[in-house]
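Protein chains: 2
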Amino acid sequence: MQLTMTVNLGERSYPIHIGRGLFDKPELLADLLTKGIPGSDIMIVTNETIAPLYLEKIQAALQNHRRADYRIETVVLPDGEKYKNLETLNPLFDALLNRRYARDCTLVALGGGVIGDMTGFAAACYQRGVAFVQVPTTLLAQVDSSVGGKTGVNHPLGKNMIGAFHQPISVLVDTDTLATLDDRQLCAGLAEVIKYGLIRDLDFFTWLDDHIEDLLAREPDALRYAIHRSCENKASVVSADEREAGMRALLNFGHTFGHAIEAGLGYKIWLHGEAVAVGMVLAARLSVRLGWLEAADALRIEDVIRRAHLPVRAPQDLTPDRMRELMSVDKKVLGGRMRLVLLRGIGDAVVTDAFDPDALDAVLETG
Amino acid sequence: MQLTMTVNLGERSYPIHIGRGLFDKPELLADLLTKGIPGSDIMIVTNETIAPLYLEKIQAALQNHRRADYRIETVVLPDGEKYKNLETLNPLFDALLNRRYARDCTLVALGGGVIGDMTGFAAACYQRGVAFVQVPTTLLAQVDSSVGGKTGVNHPLGKNMIGAFHQPISVLVDTDTLATLDDRQLCAGLAEVIKYGLIRDLDFFTWLDDHIEDLLAREPDALRYAIHRSCENKASVVSADEREAGMRALLNFGHTFGHAIEAGLGYKIWLHGEAVAVGMVLAARLSVRLGWLEAADALRIEDVIRRAHLPVRAPQDLTPDRMRELMSVDKKVLGGRMRLVLLRGIGDAVVTDAFDPDALDAVLETG
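Quick note, the sequences are listed as chains F and X, same order.
Per our numbering, the very first residue in the first sequence carries number 3; after that it's consecutive.
Per our numbering, the very first residue in the second sequence carries number 3; after that it's consecutive.
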């Protein structure tokens with residue numbers, strides 16, 4: 003079964019296709035990949051890990067497509083967050099220009115969040131903007147980074163500091179790709195899934211509380227449901243606030259703490275989702291301290307996160323002072339004032355700078 | 003006298019302020035520079051040539067402004083088209099992040115087209131988009147690159163291949179800056195001024211025919227009028243077609259030929275405006291060959307361009323074959339088909355791919 007939903011953004015609206023085994027249905031795959039693309043020049047961008055798994059299937063589907071005389075080229079980038087920078091974009095720009103790809107070309111991002119963010123940013127910048135299609139192969143990318151049009155690269159002084167808002171023309175999720183995802187990556191993706199329940203969807207959180215073990219066991223129907231419901235939540239938020247003027251900031255729940263952890267560890271050791279998991283626990287605890295959230299709810303949140311095999315405490319070697327310092331550089335600090343996403347209840351998040359700094363200190367001190 | 007006009011782009015509309023001696027009126031200067039900026043963090047971006055001339059005036063005006071507790075920082079980039087690349091943006095991103103400038107900061111581009119394009123692109127990408135103000139100091143930048151939101155950098159394989167559409171929040175033109183501009187730069191700017199007359203404003207072209215010598219003599223009222231009328235024309239085109247879906251392509255009159263000349267010379271020796279001047283002559287000749295334009299009009303065009311001390315023939319060492327090859331890589335070649343801007347009359351340009359390639363060959367052969 004294949005299911006399609008829409009991210010409503012006026013003339014920039016686009017479909018998200020979610021299904022099992024899409025990569026093994028060449029005609030359907032090629033149809034979905036090429037629907038709405040402006041021309042016939044396609045550049046697939048992937049990495050060394052993903053290329054051996056899926057690249058051939060995608061290439062073959064496009065090459066044999068009934069409608070096609072597509073020109074299909076591929077760039078394989080190195081795998082890893084440490085390559086998510088401006089320099090790594092150069093071989094991609096070189097390839098596009100060497101092949102004389104024009105403004106009507108389409109970039110296809112085949113991989114996880116790093117590939118999606120970098121390819122999207124290259125598409126935003128190449129000739130001031132060309133089309134791109136997201137084909138996310140990790141849970142994190144499927145529920146988060148490939149939906150919403152945030153693209154970019156890291157700078158040594160901060161994550162995603164250089165980027166653009168650039169919406170894909172479609173997103174194509176084959177849930178079977180999760181079969182090859184390693185356990186830790188799967189769990190890291192679950193952190194963002196849990197986030198959607200916490201910020202705006204109590205029913206979903208309750209479902210997650212009941213089904214987290216099914217997701218860990220990679221039960222296909224459970225995964226498909228979780229991905230679909232996560233994308234619905236994300237699409238709804240993004241439709242209401244494409245450029246993060248307000249409500250979209252809710253999606254950063256756990257992220258100011260999380261980014262501080264990632265930065266403190268030099269973007270090594272911990273995965274993004276792991277850092278966000280701790281960030282959500284800390285944000286829940288701060289909400290309790292402020293009297294906004296019941297202690298029992300915070301414990302329930304911590305329980306679900308722990309059962310998803312995710313960490314619930316910041317790394318030992320990050321002192322509270324260092325955490326605070328790193329949080330203050332986060333790009334959500336607007337005009338010097340730290341704003342956090344906190345909970346009024348499960349499924350009810352708010353963005354606020356109206357919190358007692360002492361309460362934040364206490365949460366950072368006690369972990 | 004200071005005059006303000008508006009580029010109408012809905013919520014992205016912005017004013018262009020044009021006046022004499024604005025840099026010597028600190029209160030007015032600071033008012034204009036800071037009107038509409040979202041925060042109080044300002045980064046002035048300029049180059050080694052412009053900094054000694056105007057930087058202190060701008061800094062002093064902002065620092066002493068009655069309303070201000072602005073944080074004002076400066077980055078001075080090397081001067082020249084050869085530094086218009088991704089690498090040169092690094093010190094700017096470093097400076098922004100080192101000073102922890104947030105999303106509400108404003109970049110001020112003080113300089114010619116290179117500074118404007120690079121600063122605009124940095125503003126488009128920094129934290130996925132911050133505000134910027136254009137303060138163009140060359141005629142070319144005042145009438146062309148600083149209006150319309152095209153930003154970007156060059157790639158070794160092509161000019162402006164990496165960029166973004168990002169509108170400034172205002173443009174501030176002090177026509178007195180033209181007093182320090184060297185003759186060749188002034189003439190190169192006149193090429194774009196003449197272009198506006200040719201593509202859509204017969205009356206302006208007639209005025210230019212009568213006043214080109216006044217402009218070369220830097221007669222202030224003539225310069226102000228030419229800048230104002232050029233900006234009006236550009237604003238009108240950009241308002242109708244912000245992202246170059248159609249009509250905006252008219253602004254590329256002479257540019258496909260011109261870009262080929264620039265690329266053929268390795269972006270050295272000739273200035274952009276000089277290459278465009280020849281491009282306009284060639285486009286006019288092709289229009290005559292196609293029977294679209296009267297020969298007398300083409301001669302009149304060539305006469306005005308020559309009187310502006312601009313070249314009217316392509317460089318000797320660029321063969322017709324090489325020109326054709328370079329023209330075919332230009333980014334306006336959509337899906338492999340070359341489109342050119344040609345004239346149906348003076349003040350009446352069209353974008354078309356419906357021209358006889360033999361006629362193009364003949365024009366390239368005979369110069």
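Read the hints as simulated data drawn from the structure, not as lab findings.
Please note that a few of the clues may not be correct.
Put simply, identical chains are the same to the list, so a pair is met inside one copy or across any two.
[Said to hold, decoys possible] With a Cα cut of at most 35 angstroms, we get these calculated DSBU-like pairs of lysine-lysine:
1) K37 x K270
2) K27 x K270
3) K37 x K59
4) K37 x K161
Now the hints, each set against the structure:
no.	hint	in the structure
1	K37 x K270	neither (38 angstroms within a copy, 43 angstroms between copies)
2	K27 x K270	neither (37 angstroms within a copy, 52 angstroms between copies)
3	K37 x K59	within (18 angstroms within a copy, 54 angstroms between copies)
4	K37 x K161	both (33 angstroms within a copy, 31 angstroms between copies)
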